[in-house]
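Chemist: These protein sequence lines are chains Y and E, in that order. Per the UniProt record's numbering, the first sequence starts with residue 1, numbered consecutively. Per the UniProt record's numbering, the second sequence starts with residue 1, numbered consecutively.
Treat the hints as calculated values from the structure; they're not laboratory data. Treat the hints loosely; a few may be bogus.
[To be verified] Pair by pair, the computed Cβ-Cβ distance ranges are:
| # | chain 1 | residue 1 | chain 2 | residue 2 | range |
| --- | --- | --- | --- | --- | --- |
| 1 | E | 210 | Y | 61 | 36 to 46 Å |
| 2 | E | 210 | Y | 241 | 41 to 51 Å |
| 3 | Y | 36 | E | 26 | 50 to 60 Å |
| 4 | Y | 28 | E | 132 | 30 to 40 Å |
| 5 | Y | 150 | E | 47 | 56 to 66 Å |
| 6 | E | 37 | Y | 137 | 51 to 61 Å |
| 7 | Y | 61 | E | 146 | 50 to 60 Å |
[As the list claims (entries may be wrong)] Calculated lysine to any residue pairs in the SDA-like style (CA-CA distance at most 20 Å, straight line):
| # | chain 1 | residue 1 | chain 2 | residue 2 |
| --- | --- | --- | --- | --- |
| 8 | E | 184 | E | 195 |
| 9 | E | 184 | Y | 138 |
| 10 | E | 184 | Y | 194 |
| 11 | E | 184 | Y | 99 |
| 12 | E | 250 | E | 122 |
| 13 | E | 184 | Y | 74 |
| 14 | Y | 185 | E | 187 |
| 15 | E | 184 | Y | 61 |
| 16 | E | 184 | Y | 199 |
| 17 | E | 184 | E | 194 |
| 18 | E | 184 | Y | 129 |
| 19 | E | 184 | Y | 256 |
| 20 | E | 184 | Y | 95 |
[Stated by the list, open to error] Here are a few chain E residues that sit away from chain Y, every Cβ distance over 12 Å (derived from the structure):
| # | residue |
| --- | --- |
| 21 | 41 |
| 22 | 43 |
| 23 | 47 |
| 24 | 96 |
| 25 | 108 |
| 26 | 142 |
| 27 | 175 |
| 28 | 179 |
| 29 | 183 |
| 30 | 188 |
| 31 | 190 |
| 32 | 201 |
| 33 | 268 |
Note that beta-carbon positions come from the ideal geometry of N, C-alpha and C, so glycine has one too.
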Amino acid sequence: MTVQARDTRAVAAAEPILTLHQVQKRFLVRKRGIRVETVAADQVSFTVRRGEVFGLVGESGSGKTTLANLVMGLEAPDGGEISFCGRVIASPGRRPPFPYGDIQMVFQDPRSSLNPRMRVHQILTEPLRAVSPERRAQFGSEAALVELLGQVGLRPESLHRFPHEFSGGQRQRIAIARALVTRPKLVLLDEPTSALDVSVQAQVIQLLQSLQAEFGLTYVFISHNMGVVRYFCDRVGVLYRGRLVEVADTDTLFSAPSHEYTRRLLDAVPTWSHAGAERLVEEAPNGGV
Amino acid sequence: MSTPIVARSARYGGGRMLWKQLTANRFTALAVACVVAIVLLALLAPWLAPDSPTSVHLSQRLSPPSARHWFGTDEVGRDLFSRILYGARISVGVGLGSVLLAALAGTLLGAFSGYWGRWADQGIMRLMDILLSFPSIVLAMALAAALGPNLLNAALAIAIVKLPVYVRLARAEALSISRQLFVKAARTFGLGSGWIVTRHIIPNLLPPIVVQITLDLGDTILLIATLGFLGLGAQPPTPEWGAMISVGWKYLLDQWWYPTLTGAAIFITVMSFNLLGDGVRDLLDPRRHEEGGRTS
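Only chain Y is shown next, with the shape it has when bound in the complex (with noise of 0.2 Å):
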């Protein structure tokens, strides 16, 4: 697999699926007993077309968290909206329906994510409480629930099995798979790599590359390891301090960054190339889970 092969031209035409128009949301902090506000996303505006890899990038505490929660729905704008496939899903004020099962997150950090106390299967059928009775029989059976497992690398017997029997890299699988076992359209992926092993992060990264062409999927990706994003992302947008600062195709952004603060940020990773991007790729065993 070559990055040259990624077509990014197809996607450029594509429909949007998410849109952000203007999004903003305070935060009032204690500062020594004074409330001082922090604004942890400052008029937000970007579309994520169908089909692509959009990378969100920025240092920590530069708003990319609190834009995941955002788009989850677990926080309410204070002002403009987010839309999903034509539909307001989050406004201020009032709460419009969101639409659960549609867009899904994969985490961090698997050793957290996963409640030690559930066995996988319990852990894969959870999203499915929130979908429609017809959705959860055909996705929540043990028939397709097996063969989802297969689809992220992990045996069907992984389904009676508690997460702290797997390592870091099979338990960040079993999270993406949760993900998907609602078959969503748009997948939050909030550094799903950084907790892993170097080698594992290429595996995890190659996996959610061949499952976005079997599901269809649209990723957002958050990261601030900008050799990964320059190898997996399609456009890029930078958020510094709850500003998204630039969004850029990202070969234009990598060869051309036309925002100050992009290019301090590229000049903070001057050892993640993009040829030691696919190298890694290329030299990670295959099929070792």
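Please build the complex by placing chain E on the supplied structure of chain Y, with the hints as guidance.
Modeler: Frame of chain Y, contents of chain E only:
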């Protein structure tokens, strides 16, 4: 932050391991033996007791220990050994019942309090602060007196007295569990707080609750006896240890065996449960046995 939970759940899995570790300490092993014996005696009381605990033989009143009456008889000639055996049923049964009631209600309240936060949390915790601001025996007496003096109300009063401990414990654990990503994940699926608290939070906070239950058992049995002694618990002729001593202490000088043997029953039972509680705490308290998360 995630390691203790994983480590605890792994340790919880092996029942045989748990038993081996529990009996490794000599005192704990003794306590386990005593508790098992007391529970067996209580369960088998109807078959083991030589006489009914309430049958009166006025001709044999206050007789000293003998082959016929091992522990002697009381002021109306009832067989003391039989009464103490039946008393074990009440003390252990009601003690366990009220602790479990407090633990159940306290865990639910505390878990929701910790998960919801904000005003619900504030309300519940301030209520618990009020309960905690009374000395437990005074509060138990007041509640038992207000509810009416009988065994069931005494158990209820003790459950209310014990409630704040469980609420605080469950809340503290729920606060840290709520920050785990699996709770956030469950919220992104669109699941309600009832599901999240009962399926995600409570199963993960059970180990310290179990420790607290075993620690509280001895204390609770003592409280039941205290209320019985003060006339606020079981009423005569119920063979309850506290109520028995409240009558028997008058005979301490001439018929010493009557209050002394009854008191010994309370002493041995409470001590056994306390030692067992200490042993279980030493075993399950994550602060004493910190170990790395297992990956296999």
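Chemist: Does each hint fit the structure? Answer for all of them.
Modeler: Each hint tested on the structure:
In this structure the hint that residue 210/E and residue 61/Y lie 36 to 46 Å apart at CB holds, the actual value being about 40 Å. The given range of 41 to 51 Å is respected by residue 210/E and residue 241/Y, whose C-beta atoms sit roughly 47 Å from each other. Evaluation of the 50 to 60 Å hint for residue 36/Y and residue 26/E yields a pass: the beta carbon distance comes to about 58 Å. Taken as a hint, the range 30 to 40 Å holds for the pair residue 28/Y and residue 132/E, whose Cβ atoms sit roughly 31 Å apart.
In this structure the supplied range 56 to 66 Å holds for residue 150/Y paired with residue 47/E, their Cβ-Cβ distance being about 59 Å. In this structure, residue 37/E and residue 137/Y meet the distance hint of 51 to 61 Å, their C-beta atoms being roughly 54 Å apart. Distance hint check: the CB atoms of residue 61/Y and residue 146/E are about 55 Å apart, consistent with the given range 50 to 60 Å. A distance of roughly 13 Å separates the Cα atoms of residue 184/E and residue 195/E; the hinted pair therefore holds under the 20 Å criterion.
For a cut-off of 20 Å, the pair hint linking residue 184/E to residue 138/Y is broken: about 25 Å separates their Cα positions. Under the criterion of a C-alpha separation no larger than 20 Å, the hint pairing residue 184/E with residue 194/Y is consistent with the structure, at around 18 Å. This hinted pair checks out: residue 184/E and residue 99/Y have alpha carbons roughly 17 Å apart, not beyond 20 Å. For a cut-off of 20 Å, the pair hint linking residue 250/E to residue 122/E is broken: about 49 Å separates their Cα positions.
In summary, the hint linking residue 184/E to residue 74/Y is supported, as the alpha carbons are separated by about 8 Å, within the 20 Å threshold. With a CA separation close to 18 Å, the supplied pair residue 185/Y and residue 187/E stays within the 20 Å bound. Among the hinted pairs, residue 184/E with residue 61/Y is consistent with the structure: their alpha-carbon atoms are about 19 Å apart, no more than 20 Å. Restraint check for residue 184/E and residue 199/Y: the C-alpha separation of about 28 Å exceeds 20 Å, so the hint is violated.
Distance check on the hinted pair: residue 184/E and residue 194/E sit about 14 Å apart at the alpha-carbon level, within 20 Å; holds. The straight-line distance between the Cα atoms of residue 184/E and residue 129/Y is roughly 16 Å, inside the 20 Å bound, and the hint therefore holds. Between the alpha carbons of residue 184/E and residue 256/Y the distance comes to roughly 38 Å, so the proposed pair goes past 20 Å and is violated. Proximity of residue 184/E to residue 95/Y is assessed by CA-CA distance (about 19 Å); at most 20 Å being required, the pair is judged to hold.
With a closest Cβ-Cβ approach of about 36 Å to chain Y, residue 41/E is found to remain outside the 12 Å limit, as its non-interface label requires. Listed as a non-interface residue, residue 43/E keeps its Cβ farther than 12 Å from every Cβ of chain Y; the least gap is roughly 32 Å. At the 12 Å boundary, the C-beta of residue 47/E stays outside the reach of chain Y, the nearest C-beta of that chain being 41 Å off. Against the 12 Å criterion, residue 96/E stays outside the reach of chain Y, whose nearest CB is about 25 Å from its own CB.
Every C-beta of chain Y lies more than 12 Å from that of residue 108/E, the closest at about 17 Å, which supports listing it as non-interface. The non-interface label for residue 142/E is consistent with chain Y: the shortest C-beta to C-beta separation is roughly 39 Å, beyond 12 Å. The claim that residue 175/E is not at the interface with chain Y holds, since no C-beta of that chain comes within 12 Å of its own (minimum 15 Å). Not every Cβ of chain Y is farther than 12 Å from the Cβ of residue 179/E; the closest lies at roughly 9 Å, contradicting the non-interface assignment.
Against the 12 Å criterion, residue 183/E falls within the reach of chain Y, whose nearest CB is about 8 Å from its own CB. Not every C-beta of chain Y lies more than 12 Å from that of residue 188/E, the closest at about 5 Å, which undercuts listing it as non-interface. In this structure residue 190/E is not separated from chain Y by more than 12 Å, as the shortest Cβ-Cβ distance comes to only about 3 Å. Here residue 201/E does not stay apart from chain Y, with its beta-carbon only about 10 Å from theirs, under the 12 Å limit.
A cut-off of 12 Å between C-beta atoms confirms that residue 268/E is not in contact with chain Y; the least separation is 37 Å.
This entry does not satisfy hints 9, 12, 16, 19, 28, 29, 30, 31, 32, going by the numbered hints stated previously.
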